[in-house]
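Peer 1: Those protein sequences? They're chains A and B, same order as listed.
1345 is the number of the first residue of the first sequence in our numbering; add one for each residue after it.
185 is the number of the first residue of the second sequence in our numbering; add one for each residue after it.
For the record, the hints were derived by calculation from the structure and aren't laboratory data.
Small disclaimer: the values here were computed from a predicted structure and weren't measured.
A virtual CB, placed ideally from N, CA and C, is assigned to each residue, including glycine.
Heads up, a few of these hints could be off.
[Said to hold, decoys possible] Covered stretches of chain A (in silico footprint by chain B; criterion: 3 or more residues with CB under 8 Å from a CB of chain B, positions within the stretch not fixed):
1. 1519-1533
2. 1537-1544
[Claimed, not checked] Pairwise CB distance ranges (calculated):
3. B/288 - A/1521: 33 to 39 Å
4. A/1467 - B/245: 36 to 42 Å
5. A/1444 - B/379: 52 to 58 Å
6. B/352 - A/1361: 40 to 46 Å
7. B/347 - A/1484: 53 to 59 Å
8. B/290 - A/1622: 40 to 46 Å
9. A/1467 - B/379: 47 to 53 Å
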Amino acid sequence: MSNTMDGIDFAAIVDKERASKQRNWLALTAAVIISAVWVVPFYYLAISIFKTTEEYSLNHPLSLPSGLAPVVENAVTAWTHAKMGAGLWNSALYGFLGAGIAVFIAALAAYGLSRIDFKRKNLWFMLIFSGTIFPLQMYLIPLFFFYQKVGILNTHFGMVLFYSAICIPFPVLVLRNYMNGIPRDMDEAARMDGASEFTIFRRIVLPNCWGPITATFLLQFTWIWNDLLFSTVLANRAEVRSIMNALQVFQGSYSSTGPNVVLTAAVIASAPSIMMFMLLRKHFMEGMRVSGS
Amino acid sequence: MASVCLKDIVKVYGSDIAVRGINLDIPDRSFAVFVGPSGCGKSTTLRMIAGLENISHGELQVDGEVVNDLPSRDRGVAMVFQSYALYPHMTVRQNLEFSLKLEKLDHSEIERRIDEAVTVLELHPFLDRKPSQLSGGQRQRVAMGRAIVREPRVFLFDEPLSNLDAKLRNQMRVEIKRLQRRLQVTTIYVTHDQIEAMTLADFIVVMRGGNIEQTGTPIDIFEAPANLFVAGFIGSPRMNLLAGTAVEIDGQLCFSNDDFTVPLPSERFADVLSAGQEITVGFRPEDIVPEQHGIEPTRSVSVTGAVEFSEMLGNETLLFFNINQTEIISRMHQPRIVESGETLNFLFNVDRIHVFDTQSGNSVLSDQVTVG
Ligand SMILES: Nc1ncnc2c1ncn2[C@@H]1O[C@H](COP(=O)(O)OP(=O)(O)OP(=O)(O)O)[C@@H](O)[C@H]1O
Ligand SMILES: [Mg+2]
C-alpha cells in the first residue's frame, strides 16, 4: 500500500480555511462594540469614586477625574454617614450564618433524598422545591406580621432564621442531583466498613461534594448580601441593619452627598462578595461542572 | 474463618422474585464461585450475604449463627466491588485505614494490619496516592487490601476482574487464588467468566432464574452436568446437543434420530434408560475428533461431514459442520487452516457421551451427580 495522496490539492484547502477565518472579523467587531456598551457602567463607577462632589457636578459624568486623592474622603464620608461598619458586620453575619446553615441543611436533605429509601420521596422533594417557584415577595407581608407577633422583628436571630430558610430549596435541588451521580457502591463499601449513616454522609459523601457546596454557598451568600427588600422590612434598626439597607440613607439626603460618595459606598459594599468569589473561585468552577468525580 | 449456610433464601423486589429459595452450604475455608447468565440473581444473593439487601425469607448463618438481622459490619464479611468503590478523596492509606479507625483499633494494630496487606499486595509505592492516580490493576489491589485489613470471616467478590484487560485479569486471578490459599478465608466469588469459575473454585454454584441448577466441583460440573442448561452453559465452545430417541438395536441400547445413531455404553445407561424414551445426547467439541487429526477415541462413531468454516485459534482449530440442520463444533488439537468444504471423518467419542431426558432436561444419570 502506498501512502501518497495524489489528487488532493492541499494549497486550496489551506486557502479555504484561511478565508473562513477572515470572515470572522465582522463578528469580532460586533463583539467589541457590544462589550464596550457593557463596560460603560463599570467605567462610570470606576472614575466617579475618584471625583469630589464639585468636580462631579461641573464636568461631564464620563470625563476622567483630575486626580486619585478624593477617593479617601469619599470613602470616609460614606463610611461614617451610612454607619457602614455595623452594616458590613451584620451582612457578614447574615451571609455566613444564613448561607452556611442553609447549605448544610440542604446537604442533609439532599443526602436523604438521594440515599435513603422512604415513601413518597418525590412528593417531599417537590414540596421543598416548591419553595423556589413562587415569587419571594409573596412571603413578605405574612412574615412581617408573624415576626412582629413572635417578637423577632429587628433581631439578628430573626434575620438569620429567615435567610437560612429561604436559601434551602435551591441547594437541595443542586446537591440532590449531584449526589445522585455519586456511585452507591461507595456508600455500600463504607457501610460494610462499619460506617453509620451519618459517618457516610460526613466522611464519604460530603467530601465529594465540595464543588457544588461552595458554589451554592457562594450564590446564596451573594443573594443574602445583596438582598434589600427583606432586610428593609424585617430589620430596619441601625443595630441590625444590613449593608444594603444601610446604603439607603443616601436616598433621603441626596443634597448633602453627591453621587460620587454613593458610588464609593456601593463599591465598598460589594467588595466582600466579590472577594468571596475570588477566594472560592476554584471550587465554584468545579461545582459548575456537570458530572461528579 | 467461618462456614456460610443459606437456608431457603428468597429475595423479592416488589412483586418480582429475584432469588427463589436457595439452599447452600459453604464449608469453612472453601472457595465458592457463583456463575450463571445475567440477571439470574448472583449479585442479589451475594448482597444479601453482605448485608446490603434485606433477606425476604429464609435463614443466613455464618459459623452457625443466624445473621439475618445483623448489620453488615457485625457479620465479619468484607466485599470487593466490581467498580472497586474506592473513596476518591482519600489516599490509598486512608482507604485502607477507614474501617480500622471506625472500629477504633489501636494505632499499632492498625499499622500491623496495613503493613501486612500492603506487603502482600505490593502497594508500598502507592500509599500516598489518590485512587485517581492509580492504574486499573492497582485500584483492584487497593480494593482487595481494603477487604484484607478487616480480617473478615468471609470474603465476597462481585465480578472483581471484569474491568481489567485480559492479561491483567489472568494475573489477578492467580493472585486472588494465591491470596485465598494463604489467608484461608472462606470466599464467595461471583463471575461471568468460565475460566475464573473453573480455576478458582473449590466448588461452583450454577444459577439460573433465581434458582441453583447445580452445585459441584469444577470437574463434576464439567464432566457430569446435571441438566441441559448446565451442559450448555459450562464449557466453551458449548456442548453439541442432538435430540432423538433411545432405541434398541440388536440388544444394544442406542441413541437415534433421522441422521445419526450412536450406541450408548450399557455399563452406564442400561439401568437408567428404556427404549422409546425421548433423549438428548451431548458431545463436547473435544470429544468429536477429526480422523487423523488427534488422539482417536477407542470407541467411537464416525460421521462424515463437510467443514462449513473453521476458526484457527493458534493452539487449536475449531471446525464447524452440520448434521442435517444442527451445527456441530469439533475441536481439532492441531492448528492448521482447514478450507471450507473440506470433507473429514469425525469420530464421536462414545465413552464421553452425555445423555439427558429431553422432557425434563435432567441428566439421566442425575441421581449420580450432585444437584443443588
Ligand atoms: N434493586 C432492585 N430492584 C428491583 N429488581 C432488582 C433490583 N436488583 C436486582 N433486581 C432484579 O433481580 C434479578 C437478579 O439481579 P442480579 O443483580 O442478582 O443479577 P446477576 O445475576 O448479578 O446479573 P449480572 O450477571 O448481570 O450481574 C434481576 O432480574 C434484576 O432485574
Ligand atoms: Mg451482578
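Peer 1: Indicate, hint by hint, whether the structure satisfies it.
Peer 2: Hint by hint, here is what the structure shows:
1. Proximity of the segment 1519-1533 of chain A to chain B, defined as three or more residues with a beta carbon under 8 Å from a beta carbon of that chain, is established by the 5 residues found.
2. Residues of the segment 1537-1544 of chain A lying with their CB closer than 8 Å to a CB of chain B number 4, which satisfies the three-residue condition for coverage.
3. Remark: the range hint 33 to 39 Å for residue 288 of chain B to residue 1521 of chain A is upheld by a beta-carbon distance near 35 Å.
4. In this structure, residue 1467 of chain A and residue 245 of chain B meet the distance hint of 36 to 42 Å, their C-beta atoms being roughly 40 Å apart.
5. Range check, residue 1444 of chain A to residue 379 of chain B: about 55 Å between beta-carbon atoms, so the 52 to 58 Å window is met.
6. Checked against the given bound of 40 to 46 Å, the beta carbons of residue 352 of chain B and residue 1361 of chain A, roughly 44 Å apart, stay inside it.
7. For residue 347 of chain B paired with residue 1484 of chain A, a C-beta distance near 55 Å keeps the hint of 53 to 59 Å intact.
8. Our hint of 40 to 46 Å for residue 290 of chain B and residue 1622 of chain A holds, since their Cβ atoms are close to 45 Å apart.
9. At roughly 49 Å, the beta carbons of residue 1467 of chain A and residue 379 of chain B sit within the given window of 47 to 53 Å.
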